[in-house]
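Novice: Work from the hints to combine the two standalone chains into their complex.
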Amino acid sequence: AQSVTQPDIHITVSEGASLELRCNYSYGATPYLFWYVQSPGQGLQLLLKYFSGDTLVQGIKGFEAEFKRSQSSFNLRKPSVHWSDAAEYFCAVGLSGNTPLVFGKGTRLSVIA
Amino acid sequence: DAGVIQSPRHEVTEMGQEVTLRCKPISGHNSLFWYRQTMMRGLELLIYFNNNVPIDDSGMPEDRFSAKMPNASFSTLKIQPSEPRDSAVYFCASSLTGAKGNGYTFGSGTRLTVV
Numbered sequence: 001a002q003s004v005t006q007p008d009i010h011i012t013v014s015e016g017a018s019l020e021l022r023c024n025y026s027y028g029a030t031p032y033l034f035w036y037v038q039s040p041g042q043g044l045q046l047l048l049k050y051f052s053g054d055t056l057v058q059g060i061k062g063f064e065a066e067f068k069r070s071q072s073s074f075n076l077r078k079p080s081v082h083w084s085d086a087a088e089y090f091c092a093v094g095l096s097g098n099t100p101l102v103f104g105k106g107t108r109l110s111v112i113a
Numbered sequence: 001d002a003g004v005i006q007s008p009r010h011e012v013t014e015m016g017q018e019v020t021l022r023c024k025p026i027s028g029h030n031s032l033f034w035y036r037q038t039m040m041r042g043l044e045l046l047i048y049f050n051n052n053v054p055i056d057d058s059g060m061p062e063d064r065f066s067a068k069m070p071n072a073s074f075s076t077l078k079i080q081p082s083e084p085r086d087s088a089v090y091f092c093a094s095s096l097t098g099a100k101g102n103g104y105t106f107g108s109g110t111r112l113t114v115v
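First to last, the sequence lines map onto chains A and B.
Under the working numbering, think of the first position of the first sequence as 1, with each following residue one higher.
Under the working numbering, think of the first position of the second sequence as 1, with each following residue one higher.
Only chain B is shown next, with the shape it has when bound in the complex (with noise of 0.2 Å):
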């Protein structure tokens, strides 16, 4: 199994740029989480899906963000214009639900530069 991959592994865009970032989850699993590391706010979780539909987007932290899960294997995080302070490392996880034996699985991250 190649665990949670996510893409890209590093991007810097200037401010008021589209940024989409990208995770396919481990198969199989159903659920999916989208968390922001920061310094200051340590891992925030943005969004969550499970069977690909959106349960909790109270996290995202404006409009400028947007989450998608098309189907099982795909989903995109988006910032529209990206500024600054969205500058971060967003990490994805994927999970099965009662599944007590497998836990959480994190992808690499996606570190965000917005200049």
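Chain A extracted, bound-state conformation (with noise of 0.2 Å):
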């Protein structure tokens, strides 16, 4: 059965840093990839997403992400955090638009001044 890694269960950086949030996941085959972001109280919000192709995709807010086949990897990055970043990030994973996602425990991201 796939399964999903977030290895992270909380991140703190400064506001202006750099952040990459790590993801790995357990496949027999390429599956398709997601971000998502869940503020406090609210609904999960689609980052990003890969299929295929570049292997480097990105997403709403300044995210990317980049899928490496030989680390079963999707790991998510911004290049300077905002305040307002703050929250539950998910990764996820899916074979097709209509099996189910299945989803990483999440890492919270605290970002301070």
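Hints listed in this document are in silico derivations from the structure and should not be mistaken for laboratory results.
Since the model is a prediction, treat every value here as computed from it, not as a measurement.
Ideal Cβ positions, reconstructed from N, Cα and C, are used throughout, including at glycine.
Incorrect hints may have been included.
Label-pair distances were calculated between CB atoms; the ranges are [as the list claims (entries may be wrong)]:
1) B/64 / A/82: 40 to 48 Å
2) B/18 / A/112: 44 to 52 Å
3) A/61 / B/66: 32 to 40 Å
4) A/16 / B/18: 49 to 57 Å
5) A/71 / B/10: 37 to 45 Å
6) B/66 / A/79: 46 to 54 Å
Specialist: This is how it looks when you write it as structure tokens:
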């Protein structure tokens, strides 16, 4: 069965610093890969997704992620973090549009001044 | 497009009562997923439907939980009787088969508290 590992439960970064959130997956084939963000009390908002092609994908809010097949990773990055980026971030994998996503446990991001 | 619409946003009920959560998927989407989110277990899939047909309900915790999708624009998740351990946020999501561009869209969730 596929699984998703987000090794960092909680990360704190300074405003303006760069950010990288890690995500590793276990799957027999290359799945569809997603990053979602959840602010407190809110639903999940899609940041970006990878299906095929260019392994560096751009998303909303200045985020990007890079798919590395050899490492089974799909890490999320942002060059300069803003205080409003403080939230919970979830990596997810799926097979196609009609099968469920499997989520990691999430990484909580705190941003300090 | 109004997105995936869930109701109610918040529900507080007493143990033993019946609870019904509702979801309206995005028009044209043909897959619907119910997830539950708790601090301890994260996001868990409860059940999903393709073209209104339940495909996998192995995530439904007990017989107290049931879900229906009578048509393409509406689904319900029912808990009867409810228990305090059912307290969680329940999310509904919809997607379109083969639509690489759309991905999965989530509703805002229903926060259920059973006292």
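Novice: Measuring from beta carbon to beta carbon, are residue 18 of chain B and residue 112 of chain A in 44 to 52 Å?
Specialist: 45 Å, holds
Novice: Taking the Cβ atom of residue 61 of chain A and the Cβ atom of residue 66 of chain B, is their distance within the range 32 to 40 Å?
Specialist: 38 Å, holds
Novice: Honestly, do residue 64 of chain B and residue 82 of chain A meet the 40 to 48 Å range at C-beta?
Specialist: The hint (40 to 48 Å, Cβ to Cβ) holds, given that residue 64 of chain B and residue 82 of chain A are roughly 43 Å apart.
Novice: Measuring from beta carbon to beta carbon, are residue 66 of chain B and residue 79 of chain A in 46 to 54 Å?
Specialist: 47 Å, holds
Novice: At the C-beta level, are residue 71 of chain A and residue 10 of chain B separated by a distance inside 37 to 45 Å?
Specialist: 41 Å, holds
Novice: Quick one: are residue 16 of chain A and residue 18 of chain B within 49 to 57 Å, going by C-beta?
Specialist: Once the Cβ atoms are compared, 51 Å apart, the range 49 to 57 Å for residue 18 of chain B and residue 16 of chain A holds.
Of the numbered hints listed earlier, not one is contradicted by the structure.
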